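J.: Chains as they are written, first to last, in the working numbering: chain A, 10 to 321; chain B, 142 to 774.
Bear in mind the hints are in silico, worked out from the structure with no lab data behind them.
A couple of the hints might just be wrong.
[To be verified] Taking lysine to aspartate or glutamate pairs in the EDC-like style, the calculated list, with each CA pair at most 20 Å apart, reads: (1) K640(B) / E694(B); (2) K722(B) / D492(B); (3) K321(A) / E356(B); (4) K319(A) / E324(B).
[To be verified] Some, not all, of what chain A presents toward chain B, calculated at C-beta under 7 Å: (5) D62; (6) R91; (7) L101; (8) L298; (9) Y313.
As the structure is a prediction and not an experimental result, all values here were calculated from the model.
Where a beta carbon is used, it is the ideal one built from N, C-alpha and C, also for glycine.
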Amino acid sequence: MSAFSAIGEEREIDRDEFTPGLEPQPTWCPGCGDFGVLKALKQAMPEVGRTPDETLLVTGIGCSGKLNSYFESYGFHTIHGRSLPIARAAKLANPGIEVIAAGGDGDGYGIGGNHFIHTARENHDMTYIVFNNEIFGLTKGQTSPTSPKGHKSKTQPHGSAKEPLRPLSMSLNAGASYIARTAAVNPNQAKEILKEAMEHDGFAHIDFLTQCPTWNKDARQYVPYIDVNDSDEYDFDVHDRAEAAEMMRETESALHEGKVLTGRYYVDEDRPSYQHEKQALGEMPETPLAERYFDDDYEWERSYDSFLAKHK
Amino acid sequence: MTDHELIWRIAGGSGDGIASTSQNFAKALMRSGLHVFTHRHYPSRIRGGHTYTEIRAAADPVKSRGDGYNFLLALGDSFARNPQQEAYYGNEEIKPLSENLDELREGGVIVYDSGLLDASEIEDFEARVEENNWHVFDPDLRSLAREHGREVMRNTAGVGVTCAIAGIDLEWIEDLMTDAMPEKILEPNIEILHEAYEMVQEEYDVEAPDVAVPEGEHDEEQVLLSGSDSIAYGALDEGCRFIAGYPMTPWTEVFTIMSQNLPEVGGISEQVEDEIAAAALAIGASHAGVKAMSGSSGGGFALMSEPLGLAEMTETPVVLIEAMRAGPSTGMPTKPEQGDLEHVLYTSQGDSNRVVFAPGTVDEAYDQARKAFQIAYEYQIPAIVLYDQKLGGELTNVPASHYDREPNPSLGSTLTEAELEDAEHEGGKFARFQYDPDNDEGVSPRSIPGQKGGRFLATGNEHMPEGHISEDPDNRVYQMNRRMRKLEAIREELDSQEKSHQTQYGPEDAEYGIMTFGSNQGTVEEAVDRLNEAGHSVKALGVSDLMPYPENEVSEFLESVDKCLVVEMNASAQFRGLTQKELGQYGEKLSSLLKYNGNPFEPAEIVEGFEVNIVEGGDLPHTRTKFVPAAGD
Ligand SMILES: Cc1ncc(C[n+]2csc(CCOP(=O)(O)OP(=O)(O)O)c2C)c(N)n1
Ligand code: SF4
Ligand SMILES: [Mg+2]
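The following block holds chain B by itself, in its conformation from the complex:
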């Protein structure tokens, strides 16, 4: 086992409490001074079905899942159906052990609950253990938990065993359990933690594996958050006090966090009949003067298509969240993918007039959710935050100070009653959609119902300055141009930001590039580190602005490299297509690395993709697409 990182995988069944146990463990490691990063794998089921969470912990910052892992805690699927029969899904009970062996590194540790699992049911288990030099611990966690508390406390027993083997001070775990658990269950859990710790130390040789959890120290206070948390907090800090939604994995997380927090800050959350209604409610609330959002995943976002266009046409500010999952159709509900890029950019009739950001990391999710609101309300345009199950669900430590910012509740380009008095009116109505050729930004400030002197008609039909429906060709072109001009102004504003949404990484004068968008950023950066260590000359660009597209930054990057690998999680290279469409050149420099098997990239896959596509690909057409992993893998 490498001593500089612990990659701990806790595996069990859905409903076995894997998520909460791992979250607590990750937090304990963070508090002990380590950097942590989690990766979640779960089925679209409530009870039963193999699930795991991986926690990668190191003294230095971690931005990605690793390649494989080095410590398995297999609890067994206690909800498995027909565990003893040959079912369609195979023997499910044993899966938390059997399904996780392929990725366990050489010399790694296996802890499994012999109270529930029988390793001899796994073909060639002994031989594989020997071959890979794995260290196996088979305590009966179930009995131990039953003896001192209840069976569900197996998880705690497993954590106790982990600490004994990896040399983690129990104090960190106890502190956390004290914070997180109600008194009634706290006592037996602490007892089980200690019992398990001591039992393993007595009965096994815990020194045998070359394992030590790394030691680290943070120079400032850290918080453990997911991308979903960060998006929700960004929205709240921009003064968003209204959300409407309909549950759909994985967007449900943001919806839930907002629904739990909004009442505390005097806001409103509405779970409604469908996503058409959800988007329409957000538009209605915004029209009436509240900062509002809605969101969904692919299928629900498809239903929002028409309201989205209405927001564009009526210039109603609104923020929508799109949490991608593997499609088409219901696809793989709990698996990450980036196949909705084109859907989000272009859905709804007419020319798209919207903003789309795809944050690359948990802290960017907060920043860009805030920026989305600011832009939406300043420019009266829908802004979309595009992410996926990967970013939404991964927990990582971020300095708490990152969130220590001033709120911005501004409604943007909105007039007060006093300002309305001096504003232009036409036939008694306020000229809310004014055409002013000198107005470079294209924004015409709005009024809010209930304000004196602000009456206007908002309509999805083409309209005159005061809102009346009109098909006059000159007016049509004026209004169209004005609305489209907003995108140029937004691009300028984004380009002039102190900190770009695009993240460059690696040596500036590198020979080659790797480009990606959204949640792959951290994994690509880790791959870049490894490639440079191995003697290649590579840098990365993680793109977040998808509309309006950051033409200058991307062309500069592509200009400076000989070839560039474009990494994305979909099958049709949508991001590469967008790049070529927007820039109109560089096609011959770009080559795709695509993955769409439901699992996010590991750094090693990007390293390999680079070597095959860019280094060895000299005699191949450069636009060739490489699918990783190969079909059937």
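The following block holds chain A by itself, in its conformation from the complex:
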């Protein structure tokens, strides 16, 4: 019997279960795109069929990092840029739980960029939501890695001299096996993409455009948006790496020309997740490790029996 009876429990799930009983006053500004992510996530969960008790939402630091204050599940609000290594280890420790990581563009593409590359490369089975508002929200509006070239802020008074980072392309090159972009102003598409991402067996990265009306006034509200999968204007195969790469590049450039392209960009269902790779090598147990600590019948190995002979 599992020590974690919430895992895999079959029952009707209500969207309201994901609203905390004691809901803290939101610290988000009125009109903030972050509300859109919260709403879409609450809608997606029942459709994926996962309950609050079997979900771990790991966040970084930023306005975006507050997501798990307003979302009911197990939560870990970590430190700036480090949600991914914490989240992926939790998944390795207990693959039964649904692991979602979330944070800002500064958090995930800047200070945590190294973790992003390596988590994508390893293809851990989890969902990663990046709230991309092209700005540092919480620290009051400094230029972020995705701010457009020329963007002025208090710390870049003459405008940023840097080309913005290309999150989708970076993700593809690093090895993510599901890559999408959606926008807070498009909750239906967002919900569908979140659902697909959670159901995907591998690292699913969602670049989520979240408007910041407080600090990024010159930026768009990300409307109107075009869904590249639905529009007749675009024709590419999300299973084809080269076509996906081209579409991503176009999408990233278009954003800074005022054109908001969204949708699924790359889906690789064949690539095994990290857990499966590791298990195939015999480096990860088939039964979730976390269960073992609650199993009274487990015979714990002793180094005296297992390893001491070579020292005699």
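Model the placement of chain B with the ligands on the given structure of chain A, informed by the hints.
T.: Relative to the frame of chain A, chain B with the ligands by itself:
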């Protein structure tokens, strides 16, 4: 040569197989009934560069390297660059012979491979041999090895020669080679061993040096382990089944041992992108209900600073290992030092709330690694095992029975689903960070994701009982006090242990004291023996608990002596500073003996430091610092 101990130094180049040859030789001596202790010296290079391992063997227990040594096997650096040219590093090929002469005792033995080394290149070699009454053997080991096998088997030839001169029965070596070597190379190696043994007996007067390996007998089965082995086995026996790391000398050893062993016991090892990730992974795994560890050496541990604070604030149990090496910065990667004490105690923002143990010996490394896990999981606090390249790399014999213990896989203060049903909840969330003024230990049990009814928010921000972020001043003080109270409870638990982590040594009523922490313990104890034999009245205290500090034990010790020498391997007397900070007195009794040249203390240096600082130091300010050896030495 003194007959009660053999101190055999095998010297060659990095990559010449010095480590494995010496390990096998040490094990053979252990099996023959002797106590052994090794000391390793190596450069931060893969191929080439002078390296040696010293094996001290005696019938009685040995706890330290000796003062100098009495038997040199110089193989020559076969990977030396520009061996014939005057390079920046000098003639490297000859170094295994030339660099080791200063510490060779009078009457000692030199065996060098004349197939590779030419002693006449060393200035005044003949004169020094004569002056020190050394016995020189110059067989061509290289040719012998080539003739019967391959050149790399020179090491075996050297061991054969050693046995002939020191009177060691070849059977011990053969047995070991049979266990350790694949069949293909076993045969030629055994042949070379015998050839070399007989050749020296025929061509040299092996009776000339006054050498005999001592004879001994163990009263129970022994195992040969390093501090790194012991830490890893301690972790495994506490049910640790997850490690994340990034290579860095000398911590890599523990990481490697764990990575090789974990798959066998259904555990997980992750080599990750950097040490920030490594510590974060350990925290993530622990949060999800697995006993987890990470670790590094100074530089990597610096990167773990922020995750460490997160573990303190979220009360996530985790064990971190810190293998010190000489700093600052990249420092001297393969050299031992104890300069990271303050770093480990205080790094990360806010008030420190962690446990730090520095084991003094190989067997303590096992015990204290286990205790670190037990405390970490019971009290939901990070626990750090602090050691150094010295303890990590030294091999010594320990009774096998020391490791014959029950495993303890307990997750500590963790609730089951059944217990969660009755636990306090707030707005649907489990009150995981409860404030209860009657709870003396300060520990509030946790739940694990996936458990029904255990939902809570873990956050690095200050938080309410169910985890919600809060800056309410009353709650802040409650939570802070509760977390800090854990350290007091841990101190009480440690004080009530049957066997203290602190080790007292020497006559209880001694006039003077010597205090140290971590890996110097054995060397200090040997110095205490010698000082007492020489008519002084001295005892020692080896401290392992650095946070929470063992106030009572240390003040009792200091109360009982007139003066105390504090021995540590760093330049700023960090341990003495900690002692004064924690006790707030005794400053005038303490005097420091510091060493930071990259080599661990020899017992004689501590004897000398004591005589200069404590015995003769009467008219000097007692807090005076004595640096040993003098600069340039
Ligand atoms: C190590 C560290 N550096 C800096 C900060 C300060 N800080 C907090 S959030 C943040 C950036 C927030 O931007 P982003 O990640 O894009 O999140 P947003 O607020 O826009 O959602 C910074 C720099 C910190 N908390 N930790
Ligand atoms: S500052 Fe911007 S990102 Fe932060 S809550 Fe306000 S609107 Fe949202
Ligand atoms: Mg942002």
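J.: Hint by hint, say whether it matches the structure.
T.: Here's how the hints hold up against the structure:
Taking the CA atoms of K640(B) and E694(B), the gap is near 12 Å; set against the 20 Å cutoff, the hint holds. With a C-alpha separation of about 15 Å, the suggested pair K722(B) and D492(B) falls inside the 20 Å cut-off, and the hint holds. With a CA separation close to 19 Å, the supplied pair K321(A) and E356(B) stays within the 20 Å bound. Using a Cα cut-off of 20 Å, the hinted pair K319(A) and E324(B) holds, with the two alpha carbons roughly 17 Å apart.
The beta carbon of D62(A) is positioned within 7 Å of a beta carbon in chain B (closest approach about 5 Å), and the interface hint is therefore held. Look at R91(A): its Cβ gets to within about 5 Å of chain B, closer than 7 Å, so that hint holds up. At its closest, the beta carbon of L101(A) sits 6 Å from a beta carbon of chain B; the interface hint therefore holds under the 7 Å criterion. The restraint placing L298(A) at the interface with chain B holds, with a minimum CB-CB distance near 5 Å, inside the 7 Å limit.
At a threshold of 7 Å, the smallest CB-CB gap from Y313(A) to chain B is about 5 Å, leaving the interface hint in force.
Hint check: no violations occur; every hint is consistent with the structure.
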